[in-house]
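**Q** Single-letter residue listing:
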Amino acid sequence: MLWYKVWLETRSRFLTSLATLTIFSAVFVHHAEGLQRPEWTAAYNRLLYITQQYIVVMWILAVILLGMGGIVREKATGASSLTLSLPVSRALLLGVHVGVGALEAIILAVVPWTGIFLVSSHAGMPILISQVEFYVLLLVAGGLVYFAMAILVSCLVEGEYTAPAVAFGLVFLTTIVFDAWLRPLNLWRLVTGDFCLDRHTYLLSGRFPWLGALACCSVAGVMLLVSVRVMKRREF
Amino acid sequence: MTSTPVIQTRDLTKSYGSAAAVRGLNLSVEPNCITAFLGQNGAGKSTTIKMLLGLVRPSSGEGTVLGMRITDAEENREMRRKVAYVAENKPLYGYMTVEQTIRFVSSFYTDWRADIASKLLNEYKLPPQRKVKSLSKGMRTKLALLLALARRPELLILDEPSEGLDPVGIEHLLQMLVALAADGVTIFFSSHQIAEVERVADHICILDNGRLLVNASLDELRQSYRRIDLVFPVPPPEREFQIVGVERIESKGHEMRVFASKNAEAVVERAHNLNAVSVEVAPVALREIFLETVKEN
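Quick note, the sequences are listed as chains R and U, same order. Residue 236 is where the first sequence ends in the working numbering, and the numbering goes up by one at each step. Residue 533 is where the second sequence ends in the working numbering, and the numbering goes up by one at each step.
Wrong hints could be hidden among the right ones.
Within a straight-line C-alpha distance of at most 25 Å, the following computed SDA-like cross-link-like pairs (lysine to any residue) qualify [stated by the list, open to error]:
hint	chain 1	residue 1	chain 2	residue 2
1	R	K232	U	R317
2	R	K232	U	Y252
3	R	K75	U	E311
Calculated directly from the structure, the hints in this document are not laboratory data.
Working from the sequences, and respecting the hints, build out all of it.
**A** Dropping the structure here:
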């Protein structure tokens with residue numbers, strides 16, 4: 001039943017994020033209807049690329065909010081005593097939070113692109129399914145780092161507003177710092193598809209960056225392990 | 237026959253920086269008893285309870301609950317299956333309804349008794365579909381108590397259980413505690429409501445500044461604590477009564493009041509030897525014992 005608790009705790013954030021992303025996708029399709037020109041393909045693909053940028057921004061905001069909460073947040077509201085008096089380990093509590101949150105994050109990545117794909121096909125402007133898969137995979141694989149970071153921050157910082165503020169600040173700061181000095185390692189550019197983009201066709205081309213995705217999953221994994229350790233040692 | 241204590245701590249200490257919240261606590265709670273844990277705000281009661289439940293790590297010392305070490309995560313988790321706990325602030329999830337809360341908590345315990353939960357839900361007049369965040373403080377307290385009382389735990393730990401309850405709710409709670417204890421449940425509870433404690437507790441622990449000052453049965457305390465009012469034609473110096481067991485002496489003109497935790501007979505004898513014209517020995521209520529104990533410390 002822990003999953004049920006996490007779902008009840010996060011569902012308003014999840015459903016709000018899902019609604020926002022869905023509305024955004026609809027706006028995209030509506031906007032794309034104005035691109036019915038002979039040279040529309042490149043412009044259309046460019047629009048897809050720009051759409052991914054916006055989806056990434058909204059998705060990161062959403063997964064950071066989904067990563068918030070948990071026992072440390074409950075400490076601030078006083079509910080942690082009830083959770084921690086249950087006969088379950090802290091690792092399991094965190095694990096279920098991560099599991100439900102990750103599933104919600106994946107749904108938030110898949111739904112808008114599926115919506116764009118379906119509505120575009122219906123409107124006679126089909127998108128290559130391989131492009132959709134590419135964008136979604138980049139978002140999920142790379143984006144899990146943001147989710148894991150949100151979990152870690154939520155294990156370290158108590159405040160209701162402080163924790164998301166710190167997480168958003170970290171995303172902003174790391175994006176700027178990496179873009180200035182470590183551009184090849186800039187997660188933002190990986191997730192948005194910037195590294196894989198053909199600037200002439202605006203299609204994602206070449207092989208999927210499995211190495212980058214693997215590195216992201218590893219970093220996310222390390223962050224989650226650190227979160228478990230922090231949670232085990234924390235006092236309530 | 238000696239029974240194994242349900243709660244046992246040895247030199248249990250918790251410090252936050254240089255401030256000690258609990259100092260060298262040696263506590264022993266016997267099974268099938270109602271043990272009251274008294275102390276002023278900040279005395280260390282809640283910290284002690286949190287250490288017992290593994291929410292806070294002790295700085296030093298050790299302890300067991302139901303024979304399981306409080307500092308071992310696995311043993312502590314196993315112990316929580318057999319312990320019901322109601323925290324001081326009656327923590328609940330505001331985003332759940334009453335019904336969802338009950339369903340959620342009940343799923344973790346094999347000793348959950350749906351019949352009792354249903355009975356308490358009706359008695360407490362809790363609206364099942366109402367969100368917890370919209371419940372009054374009293375109703376939240378009742379729901380928190382329901383979650384603990386609808387089980388058959390081996391140990392029930394309550395931190396300020398009657399806070400927020402109306403007189404009817406308090407009466408019901410006290411009756412429930414007595415019934416549970418009669419049914420073999422050990423109850424360990426902290427409270428500031430000494431009149432309630434005096435009604436139900438078998439054993440009293442008084443904590444002050446993190447130190448355990450009193451650990452005795454209520455009967456022992458009632459038998460040993462005495463207030464002795466004396467009147468002298470010529471008041472003797474107070475030092476004449478500074479004998480073992482005398483906690484405090486108050487002098488006012490020809491009258492003297494001696495508060496003794498034991499040895500009242502010796503005080504009376506000394507008073508007669510000093511030509512007291514009036515000697516009145518009176519039992520002391522728990523409230524006075526508590527106030528004298530923490531004042532003395």
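**Q** Take the hints in turn and mark each one as holding or not.
**A** So, going through the hints one by one against the coordinates:
Note on K232/R and R317/U: the hinted pairing holds, with a Cα-Cα distance of about 19 Å set against a maximum of 25 Å. As the CA atoms of K232/R and Y252/U are separated by approximately 18 Å, the hinted pair is consistent with the 25 Å bound. About 23 Å separates the Cα atoms of K75/R and E311/U, which keeps this hinted pair within 25 Å; it holds.
Every hint, counting from the list given before, is met by this structure.
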